[in-house]
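Colleague: In case you want the letters, here they are:
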Amino acid sequence: MTNSKPPRDFFSVRSHVGRVQGIISAIGIWAIFFGVWIVATSLGWVNELLVPSPQKVLTATHDLFVNRGFSSDVLVSVGRVFISFAMACTVAIPLGVAMGTFPSIEAIFAPFVSAWRYLPAPSFIPILLMWFGTGEAPKLALLFIGVIFFLITLVMDHTKNVRTELIETALTLGASRYVIILKVVFPAAFPDIVTAMRQMMAMAWTYLVIAEIVASTTGIGAMMMRARRFLKTDEILSGIIVIGVLGLLTDVLFRVLHRQLFPYIEVKH
Amino acid sequence: MSDTLLEVREVSKTFTLGSRKTLKAVENVSFGVEQNSICVLLGPSGCGKSTVLRMIAGLETATEGRVALGGKAVTGPGQDRGMVFQAYTSFDWLSVRKNVEFGMKVNNIDAAKRRERTNHFLNLVGLSKFADAYPSQLSGGMRQRVAIARTLANDPEVLLMDEPFGALDAETRWLMQELMIDVAEKTNTTMVIVTHDLEEAIFLADKIIFLSSHPGRVKEEIIPAFKAGKRIADKEHIIRMNGYSDLEEKLMRLMREEGHREN
Chain A
1 MTNSKPPRDF FSVRSHVGRV QGIISAIGIW AIFFGVWIVA TSLGWVNELL VPSPQKVLTA
61 THDLFVNRGF SSDVLVSVGR VFISFAMACT VAIPLGVAMG TFPSIEAIFA PFVSAWRYLP
121 APSFIPILLM WFGTGEAPKL ALLFIGVIFF LITLVMDHTK NVRTELIETA LTLGASRYVI
181 ILKVVFPAAF PDIVTAMRQM MAMAWTYLVI AEIVASTTGI GAMMMRARRF LKTDEILSGI
241 IVIGVLGLLT DVLFRVLHRQ LFPYIEVKH
Chain B
270 MSDTLLEVRE VSKTFTLGSR KTLKAVENVS FGVEQNSICV LLGPSGCGKS TVLRMIAGLE
330 TATEGRVALG GKAVTGPGQD RGMVFQAYTS FDWLSVRKNV EFGMKVNNID AAKRRERTNH
390 FLNLVGLSKF ADAYPSQLSG GMRQRVAIAR TLANDPEVLL MDEPFGALDA ETRWLMQELM
450 IDVAEKTNTT MVIVTHDLEE AIFLADKIIF LSSHPGRVKE EIIPAFKAGK RIADKEHIIR
510 MNGYSDLEEK LMRLMREEGH REN
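Those sequence lines, one after another, are chains A and B. What the first sequence shows, in this note's numbering, is residues 1 to 269, in sequence order. What the second sequence shows, in this note's numbering, is residues 270 to 532, in sequence order.
Treat the hints with caution; some may be incorrect.
Below, a list of computed lysine-lysine pairs in the BS3-like style, where the Cα atoms sit at most 30 Å apart [to be verified]:
#1 A:Lys183 - B:Lys382
#2 B:Lys374 - A:Lys183
#3 B:Lys367 - A:Lys160
#4 A:Lys183 - B:Lys398
#5 B:Lys374 - A:Lys160
#6 A:Lys160 - B:Lys290
#7 A:Lys160 - B:Lys398
#8 B:Lys398 - B:Lys374
#9 B:Lys367 - A:Lys183
Pair ranges (Cβ atoms, derived) [unchecked claim]:
#10 B:Ser314 - A:Phe10: 45 to 51 Å
#11 A:Val252 - B:Leu292: 38 to 44 Å
#12 A:Val91 - B:Gly435: 41 to 47 Å
#13 B:Glu526 - A:His16: 48 to 54 Å
#14 B:Arg384 - A:Tyr178: 21 to 27 Å
#15 A:Phe112 - B:Lys367: 48 to 54 Å
#16 B:Ala381 - A:Arg163: 28 to 34 Å
#17 B:Lys367 - A:Val13: 40 to 46 Å
#18 A:Asp157 - B:Asp272: 44 to 50 Å
#19 B:Asn457 - A:Val17: 54 to 60 Å
#20 B:Ser314 - A:Arg177: 29 to 35 Å
#21 B:Thr441 - A:Val252: 38 to 44 Å
Hints were generated in silico from the structure; no laboratory data involved. All residues carry an ideal CB built from backbone N, CA and C; glycine is no exception.
Based on the sequences and whatever the hints tell you, model everything.
Modeller: Written as structure tokens, this is what we have:
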């Protein structure tokens, strides 16, 4: 059976990539990445103080978690991301839906929100430190500011994309304004809102690391800055890998959540 | 077919485009729709037939004139005038059953009655087997059936349909048209249907209101006399009837006249 298939051209334009080819490609690129890294460090092509070998980074990661209480730093960081992200969602989702539904509300908040969106959140770090000191508050505030204005805009746009016919259908069925927002507009926009949350989560991680590197004694970023002082490049790289893995995990979590919440999107034939 | 249920009286609609330009879409349109009858609004594109339907639904307000249902002036959308659109309007996050129940739930019909009516109307449109499916699993024709069942289950005084089968392929469209005759016979629902499809108009209509274009005016009110006040259940039958082709030719000529005026 396989013999009868003509050999596929590797560079066929916009054709489907098979399962096996997909897996080989994905693993292959990582194998090359680590291969070059291992060869470069073991043959001494690079200064080992600046670029430690993958084995050393792995040992350092293990040591950090088992002997140095790194898991509490990780928990602190994860906690900061989730608390501030939850606060941002609590404000952004209702406000974004309201702005996308009522042009009058949009007229009030849209000019305000778009102006804030162009201000880089890290520019607030000095003033946040003066207002809130060095505790948890300035970090949470930075993440909140960094995420909320983009999230409001995305939620508003997704709400506006709800088709007018759906709203008009509900109106001719006798639905009130209140019912239309809660039972038609919100459920129709909800899958896209969850996707927007997933995208914004990546941004929350970015601001977290900035906050922890600039002004913190706890968390993954703070650990990395400590490691720098003692020239521990292997530990810095450990921190980067842990952040990457956590980001990937939250992304997977959101995708699973999306599939669980919206089974009707997956069942298309 | 005696009492007038719905009355459109000297209705005009002018849209404002930008700051100074206006567009007169509908001018001085009057007609009545009798209880339990099917009235078809026919005309070339741009004749304002959808605008007239939307004014009946209360989704647009008339600039002049008035629309009244059972003697009461229409001021906005409501449960008594259910509407089926050309675009799919199924609520994708709800099962077919919950879609059909939606209107009744909104209007506080108790659960037992809701269930009974839902089963009844799903059966009427032939979707009983798909009650627990999601709309995204259904074909286009089936989705329109869901919309029809959902609107009928909500017990409107009049069913408004805006080119409901325009997006469907030909044979599905025939099936749906036959279904509408069946529904009309079984439920005695009064219907106002907008279309630009001549065959559809002749097949469904007890009365055709032909609208001219730019602005939309009533050009002619036509009763398909060859049907002798009866409804014909299948399409093969009706095209062989005496008088069918004469009426089709007449409507074609009206359409063409309007088209020429346009170009």
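Colleague: Tell me if the beta carbons of serine 314 (chain B) and phenylalanine 10 (chain A) are separated by a distance inside 45 to 51 Å.
Modeller: holds (50 Å)
Colleague: Per the hint of 48 to 54 Å, is the separation of the Cβ atoms of glutamate 526 (chain B) and histidine 16 (chain A) within bounds?
Modeller: holds (52 Å)
Colleague: Would the pair lysine 183 (chain A) and lysine 382 (chain B) pass a check requiring their Cα atoms to be no farther apart than 30 Å?
Modeller: Holds. Lysine 183 (chain A) to lysine 382 (chain B) sits at ~21 Å (cutoff 30 Å).
Colleague: Holds or violated: lysine 374 (chain B) and lysine 183 (chain A), Cα atoms, limit 30 Å.
Modeller: Cα-Cα ~11 Å, so holds.
Colleague: Take the C-alpha atoms of lysine 398 (chain B) and lysine 374 (chain B), compute the straight-line distance between them, and say whether it is at most 30 Å.
Modeller: holds (22 Å)
Colleague: Taking 48 to 54 Å as the stated bounds, is the beta-carbon spacing between phenylalanine 112 (chain A) and lysine 367 (chain B) within them?
Modeller: violated (38 Å)
Colleague: So if I understand the rule, the pair passes when the alpha-carbon distance is 30 Å or less; does lysine 160 (chain A) with lysine 398 (chain B) pass?
Modeller: This hinted pair is violated, its Cα atoms lying about 34 Å apart.
Colleague: Does the alpha-carbon distance linking lysine 374 (chain B) and lysine 160 (chain A) stay inside the 30 Å limit?
Modeller: holds (25 Å)
Colleague: Are the Cα atoms of lysine 160 (chain A) and lysine 290 (chain B) separated by 30 Å or less?
Modeller: holds (27 Å)
Colleague: Between lysine 367 (chain B) and lysine 160 (chain A), is the straight-line Cα distance small enough, at 30 Å or below?
Modeller: holds (24 Å)
Colleague: Given a hint of 38 to 44 Å, does the C-beta separation of threonine 441 (chain B) and valine 252 (chain A) actually sit inside it?
Modeller: The hinted range 38 to 44 Å holds for threonine 441 (chain B) and valine 252 (chain A), with Cβ atoms some 41 Å apart.
Colleague: Under the criterion that the straight-line Cα-Cα distance not exceed 30 Å, is the pair lysine 367 (chain B), lysine 183 (chain A) satisfied?
Modeller: holds (12 Å)
When the structure is compared with the earlier hints, violations turn up for hints 7, 11 and 15 and for no others.
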